[in-house]
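Line by line, the protein sequences are chains A and B. Note that the numbering used here numbers the first sequence so that position 268 is 268, with each residue one more than the last. Note that the numbering used here numbers the second sequence so that position 221 is 221, with each residue one more than the last.
Watch out, some of these pointers could steer you wrong.
Same chains, same label: a pair holds when it works inside one copy or across any pair of copies.
[As the list claims (entries may be wrong)] List of simulated lysine to any residue pairs, SDA-like, C-alpha gap at most 20 Å: (1) 50 <-> 13; (2) 24 <-> 231; (3) 263 <-> 167; (4) 170 <-> 35; (5) 24 <-> 166; (6) 263 <-> 285; (7) 24 <-> 143; (8) 24 <-> 150; (9) 170 <-> 33; (10) 24 <-> 168; (11) 50 <-> 10; (12) 250 <-> 16.
Just so you know, the hints here were simulated from the structure itself, not pulled from any lab data.
There are 2 protein chains.
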Amino acid sequence: MQETPSLALTFLERSQALVDDELKRLLSASPAPSVRLSEAMAYSVLGGGKRIRPALCLAAAQAMGQDITKALVPACAVEAIHAYSLVHDDLPAMDDDNLRRGRPTVHIAFDEATAILAGDALQACAFNWLAQTPSISDRARLSMVAELAVASGQAGMVGGQAIDLESVGKTLTIESLETMHRHKTGALIEASVRLGAMTADPAPGDQLDRLTDYASALGLAFQVQDDLLDIEGDTNVIGKPQGSDLARDKPTYPSLLGIDGAKAHLQTLLDRALAQLDSFGDNAEPLRAIANYIVVRSH
Amino acid sequence: MQETPSLALTFLERSQALVDDELKRLLSASPAPSVRLSEAMAYSVLGGGKRIRPALCLAAAQAMGQDITKALVPACAVEAIHAYSLVHDDLPAMDDDNLRRGRPTVHIAFDEATAILAGDALQACAFNWLAQTPSISDRARLSMVAELAVASGQAGMVGGQAIDLESVGKTLTIESLETMHRHKTGALIEASVRLGAMTADPAPGDQLDRLTDYASALGLAFQVQDDLLDIEGDTNVIGKPQGSDLARDKPTYPSLLGIDGAKAHLQTLLDRALAQLDSFGDNAEPLRAIANYIVVRSH
Chain A
1 MQETPSLALT
11 FLERSQALVD
21 DELKRLLSAS
31 PAPSVRLSEA
41 MAYSVLGGGK
51 RIRPALCLAA
61 AQAMGQDITK
71 ALVPACAVEA
81 IHAYSLVHDD
91 LPAMDDDNLR
101 RGRPTVHIAF
111 DEATAILAGD
121 ALQACAFNWL
131 AQTPSISDRA
141 RLSMVAELAV
151 ASGQAGMVGG
161 QAIDLESVGK
171 TLTIESLETM
181 HRHKTGALIE
191 ASVRLGAMTA
201 DPAPGDQLDR
211 LTDYASALGL
221 AFQVQDDLLD
231 IEGDTNVIGK
241 PQGSDLARDK
251 PTYPSLLGID
261 GAKAHLQTLL
271 DRALAQLDSF
281 GDNAEPLRAI
291 ANYIVVRSH
Chain B
1 MQETPSLALT
11 FLERSQALVD
21 DELKRLLSAS
31 PAPSVRLSEA
41 MAYSVLGGGK
51 RIRPALCLAA
61 AQAMGQDITK
71 ALVPACAVEA
81 IHAYSLVHDD
91 LPAMDDDNLR
101 RGRPTVHIAF
111 DEATAILAGD
121 ALQACAFNWL
131 AQTPSISDRA
141 RLSMVAELAV
151 ASGQAGMVGG
161 QAIDLESVGK
171 TLTIESLETM
181 HRHKTGALIE
191 ASVRLGAMTA
201 DPAPGDQLDR
211 LTDYASALGL
221 AFQVQDDLLD
231 IEGDTNVIGK
241 PQGSDLARDK
251 PTYPSLLGID
261 GAKAHLQTLL
271 DRALAQLDSF
281 GDNAEPLRAI
291 ANYIVVRSH
């Protein structure tokens, strides 16, 4: 256990460098007629971030015995979706956040209209890039497009964001909270892992199922840790005002389970995620390391 | 010329009925976990509208000798993109419109956050549907996904909207105005025609080029007529306050060319569009009829 966080950091750092380079390449390949829009898109996507989702995509490819570079374009597509969702979530009509990763959010650094458009354009980028993923069959690329569209749309991420907005100020059961998170963040984390796995073309169904279960447990663990960090973390480290969920009266795991209960739940979810990786042997080391990293991370 | 508007209406009505039924089927096939979100999406997409873009998609399939039903899913995908763009364009941070097709806009009928999310989810729908278009090859479906993503993204529609926002209050040349419209509305009209044509799988390049040129001229003609209607139309018929472009100090064709100059330009564009259809014979009748209809329409 001592070694896994550092393996995770090594893999995350390598993955981050690969993904950042590829995102720059992809963004500059189709410039916008509006310089301001291009700048806002680059600001949204290239402003740092841990790149957990792309790393999961690359790590899932490795778990399936594939070269991780085969998953690079799908990883960037997932990150473009994630970036667009953050830009729109931060808007005044949504979460109204002025700060993200220690920098002004896009509608503050630019303006609201540009933030809406940059998000819209990034979503289109994701599907354009994905349709042109090299080294896999047309069939696999189409499956990836459909998977990402479903995971990011009304039955997935956007649906979860809608439930989240409707939940403010309400008392939720733990089941309702999980339903919200499974949509809002879980669906895209599952898609990150599944798209990476699908670079093994075709990916055997039983292996895809196990990796999906890994991602499903990990997605919830990620959210529990986020809730804990919101209470226990430091604004300078987490990059947003600490306690902002509480201030907004948003339901969280600690508010429903208590801090100790939330920590126990986190460990259960981590164990469940790791158990799915047993049959993958050494190829799944990066997926194990990322899971452990998510639980020990401080932001 | 007497007959074409009525042929256009016949084709438009038939196309509208087919597209409305298919949109209802597609929307209900993947319900959102948030009822409010589902309702906002349906309100955005099923609230009427002339369905010009889907009709062009079906008519282009017919021009290529295909059964128009082969183009039904691509037609709905194009309409989902168009609907999402209207919802986002109407937002307070963008054009701030309260009325669209005589009804309250989505952020008025629901709320701003729901309007942003409904638009986001509709964009995802478009790519999900397109990836699953029946009766064409995987290769053709992938090409459609890439085409629609480029046409609707930063190099197309969204880029045009960004230029439009930057142009308010500025004096544009006719060339700059055309560049803006080629992106903002032209790219999606071209994609509508091209996606329909691509149901002839594979679509011969020279025929695709001619239909692209038809769509390019038609897209500009559509915009010139829109600008003329904004000056000469009646609020009750056009569904938005007449003179709203002038009130906003937006550059228009009549403001640059005068009303007579704009009308002459409209005729030139129409002739240019129709000339591209000569080699397609009777199969192109619906495309001809739609072009004529666009020029004589009153809203």
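Comparing the hints with the structure gives:
1. 50 <-> 13: within (9 Å within a copy, 51 Å between copies)
2. 24 <-> 231: Answer is neither; intra-copy 35 Å and inter-copy 44 Å both fail.
3. 263 <-> 167: For residue 263 and residue 167, neither the intra-copy (23 Å) nor the inter-copy (53 Å) Cα distance is at most 20 Å.
4. 170 <-> 35: between (42 Å within a copy, 17 Å between copies)
5. 24 <-> 166: neither (36 Å within a copy, 25 Å between copies)
6. 263 <-> 285: neither (24 Å within a copy, 68 Å between copies)
7. 24 <-> 143: Neither. Shortest intra-copy (25 Å) and inter-copy (23 Å) distances fail the 20 Å Cα cut-off.
8. 24 <-> 150: This pair counts as between: shortest inter-copy Cα distance 17 Å, intra-copy 26 Å.
9. 170 <-> 33: Between copies only: 17 Å across, 44 Å inside.
10. 24 <-> 168: Cα proximity of residue 24 and residue 168: none, with 37 Å in one copy and 31 Å across.
11. 50 <-> 10: within (12 Å within a copy, 55 Å between copies)
12. 250 <-> 16: neither (31 Å within a copy, 43 Å between copies)
Taken one by one, the earlier hints fail for this structure at numbers 2, 3, 5, 6, 7, 10 and 12, listed in ascending order.
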